[in-house]
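Peer 1: Use the sequences and the hints to build the structure in full.
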Amino acid sequence: MRRVVVTGLGLVTPLGADVETVWANLIAGKSGAGPITRFDASDQKCNIACEVKPADHEYGFDASKRVDPKIQRQVDPFIVYGIDAAGQAIEDAGLLDMDDDLKLRAGCSIGSGIGGLPGIESESIVLHERGPGRVSPHFVHGRLINLISGQVSIKYGLMGPNHAVVTACSTGAHSIGDAARMIKDDDADIMLAGGAESTINPLGVAGFAQARALNCSFNDRPTEASRPYDKDRDGFVMGEGAGVVVLEEYEHAKARGAKIYAEVVGYGLSGDAYHVTAPHPEGKGAENAMRMALRKAGMEAGDIDYVNAHGTSTMADTIELAAVKRVLGDDLGGASMSSTKSAIGHLLGGAGAVEAIFCILAMRDQIVPPTLNLTNPDEGTEGVDLVPLTAKKREVKAILNNSFGFGGTNASLIMKKVD
Amino acid sequence: MSDTEERVKKIVVEHLGVEADKVTTDASFIDDLGADSLDIVELVMAFEEEFGVEIPDDAAEKITTVGDAVKYIEEHKG
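Line by line, the protein sequences are chains A and B.
Taking full-length UniProt numbering, I'd label the letters of the first sequence as residues 1 to 419.
Taking full-length UniProt numbering, I'd label the letters of the second sequence as residues 1 to 78.
Treat the hints as calculated values from the structure; they're not laboratory data.
There may be inaccurate statements among the hints.
[As the list claims (entries may be wrong)] Restraint ranges, calculated between C-beta atoms of paired labels, are given here:
id, chain 1, residue 1, chain 2, residue 2, range
1, A, S64, B, P56, 44 to 50 Å
2, B, I30, A, D187, 45 to 51 Å
3, A, S64, B, D57, 33 to 39 Å
4, A, S42, B, E54, 28 to 34 Å
5, A, G157, B, I30, 18 to 24 Å
6, B, R7, A, A278, 55 to 61 Å
7, B, I30, A, K259, 39 to 45 Å
From the three backbone atoms N, C-alpha and C, an ideal C-beta is built for every residue, glycine too.
Peer 2: Here is the structure:
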């Protein structure tokens, strides 16, 4: 059987635009939240977010490092973030000089939950105010979700499978799971997999606020707004950015002496079949996805050391926790579980991939990132290590990463260290 | 260099991300400056905006060099 390992990582997040900076800030307990600066949000119910910081910030994002200025002008920010994160991952994996045979066996599966909403918003205003003749010729392909995979394949000459998942907030996890299967199925030896999002624009913020999903009661205290499992939680804080990993067939990675971070051993998928935005009240879908991932991994519940929860800081947190308890045991079998959305917000389609990278780094450094702002834990959290406020050193050999999305879509990934 | 030519060249440099010295009067957008058909649509829109002229599709198709653009704009601007 073909095994799949991770050999490269790339991150663009509200806590930094390279893997080591993001990880150091996350472990230090920093928050990426603040007032929205991207547009005047004073008339919005929610006017805070976790924005990717500008290039002149201490840990800002400089698009010009890896993205052609012409492309930056033509495409939505989620594509720019995705191209950069993919570039970081390829560089990290030492795959900048692939020969043509390998390029035929290298593909992309980088998705997004929503795609180019800011560009759709602004161009529809152009259409309305100035007419169809002023709409940009780059409008369509600068907003399409599969255009991260498209742009990355063109930039790096990747001629293998070219794919993009669209499953709302489980996109990043599904992207990695699906791409791992493509390698297992011998469609490719290398896959760039992940997700990206950038919808901190008036329509995006208003839409999520109207759906009663966003936190609207901490506008004066942005860094305290994302507080998973806390009694005072009141909705998620929108984040943005991208996470991309290089997945590689194990023997291929070993033969070229690649640095191997982890092995993707389990992938579970399910549907809630219940409601468009609310999770099943008993967490059945979440439970089914986790159980499938464990079964595919051939692992026992007690093998899991760390769970990176979906944990959006909404009422759904305790539903997920109850499901995790049913799968792993009342004390999670001694595992620690945290929600890094407390620090970087909810990256929507990027979340699952960014959080998978956090899990990989937890295994590399034997430390688990904290759940910030968890000062007053909700009922049902007793006896569970939710890693409140500060990071915790502990043994981490295997992880479970949950991602759930609107529409009732669920994905769980299990990864473990390779000896 | 005429005022029109200077402004046309500036737009070409900005939109195509090319060095200013490559944007000569005879330079072909596609062959010399790396543009594709969509870049030309965008350039034509930028010329229309800058000079307040309308460049219909059949005229735009005949504009293949920097000089073609300058000539068309000089002949049609108000």
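Peer 1: For each hint, tell me whether it holds in the structure or not.
Peer 2: Comparing the hints with the structure gives:
1. Against the hinted window of 44 to 50 Å, the Cβ-Cβ separation of S64(A) and P56(B) comes to about 36 Å, which falls outside the hint.
2. The hint said 45 to 51 Å for the Cβ distance between I30(B) and D187(A), and at roughly 35 Å that hint is violated.
3. About 34 Å separates the C-beta atoms of S64(A) and D57(B), a value consistent with the hinted range of 33 to 39 Å.
4. The supplied range of 28 to 34 Å is broken by S42(A) and E54(B), whose beta-carbon atoms lie about 39 Å from each other.
5. Hint check: G157(A) to I30(B), Cβ distance near 22 Å, so the stated range 18 to 24 Å holds.
6. Against the hinted window of 55 to 61 Å, the Cβ-Cβ separation of R7(B) and A278(A) comes to about 56 Å, which satisfies the hint.
7. Between I30(B) and K259(A) the Cβ separation comes to about 42 Å, which falls inside the hinted range of 39 to 45 Å.
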